[in-house]
Amino acid sequence: MKSFKKLALASVLGSIVLAGISTNILAETATEGEVTEETLNANEERANDPAFSEKAITENDGFEFDEDGNIIAVTIGGETAEVTQENPAVEDAWVNNTPNRITTNLTADPSTSMHFQWHTTDVDEDAVLYVWEDGSSIEEAVEFIPEILEIEDAFHIQTTESGNYVYAIMWDEDDDEAMTDDDEPFVAADNPDEVVGYYTDEIFTGDNLLWLDKGFDNYSVALPYPAFTETAYKATAEDLTPNTVYHYAVGNVDGEISEEATFTTAAEDSEDFTFIHYTDTQNAFSSEHQRSEAEYSRSTVQSMLDNEDAQEAKFALLSGDIVNDDWNDTEWDLTLNALLPLNNAMPHLFVTGNHDNHNFIDHINTDNEVDGMTSGVAYTSRYNGAQFIVLNTEQDNESDDEFAPAILENQLEWFEAQLQEAQEARENGEIDWVFVTYHRPLFSSSYHSLEDENVQLVRDDLMALLDEYDVDMVFNGHDHNLTVTNALVHNPDAFGNAEVATQGETDGDTTTFASPEGTVFFIPNTAGTKTYDAIYKNQDFEWILEEEDINETYEELFDYEFTEDDVTSYRELLSTEEQPFRSSFYSDGHSNARESNMQHYGVIDVTADAVTYKLYQVVGEDLENRETSLLHTYEISK
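Those letters in the sequence shown? Residues -27 to -1, 1 to 611, by mature numbering (1 follows the signal peptide of the UniProt record, and there is no 0).
It should be emphasised that the hints constitute simulated quantities derived from the structure, not laboratory data.
The beta-carbon is built from N, C-alpha and C at its ideal position, and this holds for glycine as well.
Errors might be hidden in some of the hints.
As the list claims (entries may be wrong) - Beta-carbon label-pair distances, calculated as ranges: (1) 21 with 581: 44 to 54 Å; (2) 218 with 518: 49 to 59 Å; (3) 23 with 519: 12 to 22 Å; (4) 125 with 284: 39 to 49 Å; (5) 372 with 59: 28 to 38 Å; (6) 515 with 397: 49 to 59 Å; (7) 610 with 29: 29 to 39 Å.
To be verified - Here are the computed lysine to aspartate or glutamate pairs in the DMTMM-like style, where the Cα-Cα straight-line distance is at most 25 Å: (8) 207 with 99; (9) 187 with 32; (10) 28 with 148; (11) 207 with 190; (12) 187 with 522; (13) 187 with 157; (14) 28 with 522.
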């Protein structure tokens, strides 16, 4: 059997088409393991098997009709479900009055305060947040009264007695085909007379790649219960003592109450600390009964909690896309339940993503420091010696223009004001580092960073601000791959509006940026199952032109023709560009079938003089038998 290092080198380097520029960190994996080796072998074998191509597995898909023209069966990914005329779902949506979907988020000053949110179905007017210091008990807790909000149009997928999800087939008479547009999520619930058939997910298996890839959406729509109202509770614990371990619970000691959890307040001044960075759990509900995406995220969270290097972590940064569909409360429930063990151990710094922006504020209690912004949140948090600035890259949703920047002028003005304050604080010795986080990246080894119109329209302004105010690091998500840039500065005349100021120096499994000029950007792949290939490295230019819309974006916005030289110069900005998970679906596009068994996250140690970003991967198909290994380390020193 090949060693893990040799296997990784053969499988990844063997697929490189364009000339190598970045460091191949997969060839220098620090930890070998049998599960990792077997998983990589199996992934590579299936990725190269024509039987698992999207074309092959959908060859016999479609509807079966009876002699009267009624749909009696649907085949998806080669597996056939019976279609009935009667809805097999139980009549009423589930009720859960135990506090659930509990989250904790950093405030502007987490040394003295902390944000909390939780949900129930029915309102509990007596619900409170209980907070007590380590060594005390809930009987001695300080009680904080929450703001109680009604969440209208709660969306939960209809289920059968056995818990299987139900899907509705609706026929579009104009196009003479099944309706598959889920932009109106309540369309089936609001128009039951237009539903021509129902089926459940019972027959489908975890080996069905098309089903895992939301295959129901090719032939049907999700079927929610009619809209009803749920309850959200937002509370803020205040007047806390810095650098102190606290315990908390939410709910009602005389009724329903959550389990006990903990958090630690920040120090008053600069002090060493550790945090976790992960992104894009983006769990879709539809494969929950076949190969649960949420459970792979739960496994990743457990790896964080078990990781010796993360035992002192004080909070976790999730840089966007908590769920796949922000209107889907079933997904919020599945995902936040999966993340609960981590949230019970530490607060988060949550970032608005494009998949959760419309309902982000309904589920997460954060500050929102930009007046009038409705598409997500932007806020700041100072933790020990670091200033964190959280941006919202979904602001184009607030514009009536056909194409608008991901960050509008009012947020850019707010951002510059925050950068000015941070720069003054750094000059005065109050902080050591300035970190920025937002969802949509300027730089990535996959398609989004160059194809998203809203990103191109803010690229120059954003890069100019990051450079002018000496931002040290940027934490991104969105593009579901491993990307780390060199230290970059603004160059308005260069493709990508940036150039390398300081090249990372790689020695074995460590890349070092010594006293770098410029900003280093990080994307730690994904803590979910959906991955994007490192297309500039693993595909040739003709494939990129044919399969992606990057050239169309640049022609439409700037009347500019995207060239192979642009790819080369763009790749020179990247220190790391990898996609460790190999999928048979990459031959026909950038995305896998949401079947990844490799998740990633970073553990970041911050001192006054250095930041160390340790990139970990969690590997294994069997959720009960997975391995965590240190993939690569990045050191930034002053």
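We went through each hint and held it up to the structure:
1. 21 with 581: 44 to 54 Å: 49 Å, holds
2. 218 with 518: 49 to 59 Å: Since residue 218 and residue 518 have Cβ atoms about 55 Å apart, the given range 49 to 59 Å holds.
3. 23 with 519: 12 to 22 Å: The hint (12 to 22 Å, Cβ to Cβ) holds, given that residue 23 and residue 519 are roughly 20 Å apart.
4. 125 with 284: 39 to 49 Å: 42 Å, holds
5. 372 with 59: 28 to 38 Å: Check failed, 45 Å falls outside 28 to 38 Å.
6. 515 with 397: 49 to 59 Å: Holds, since residue 515 and residue 397 (Cβ atoms, about 50 Å apart) stay within the stated range.
7. 610 with 29: 29 to 39 Å: Violated: the Cβ-Cβ distance is about 51 Å, outside 29 to 39 Å.
8. 207 with 99: 13 Å, holds
9. 187 with 32: 17 Å, holds
10. 28 with 148: Roughly 23 Å separates the two Cα atoms, so the pair holds.
11. 207 with 190: Roughly 34 Å between the alpha carbons, so the hint for residue 207 and residue 190 is violated.
12. 187 with 522: 22 Å, holds
13. 187 with 157: 17 Å, holds
14. 28 with 522: Holds - the C-alpha atoms of residue 522 and residue 28 are around 21 Å apart, at most 25 Å.
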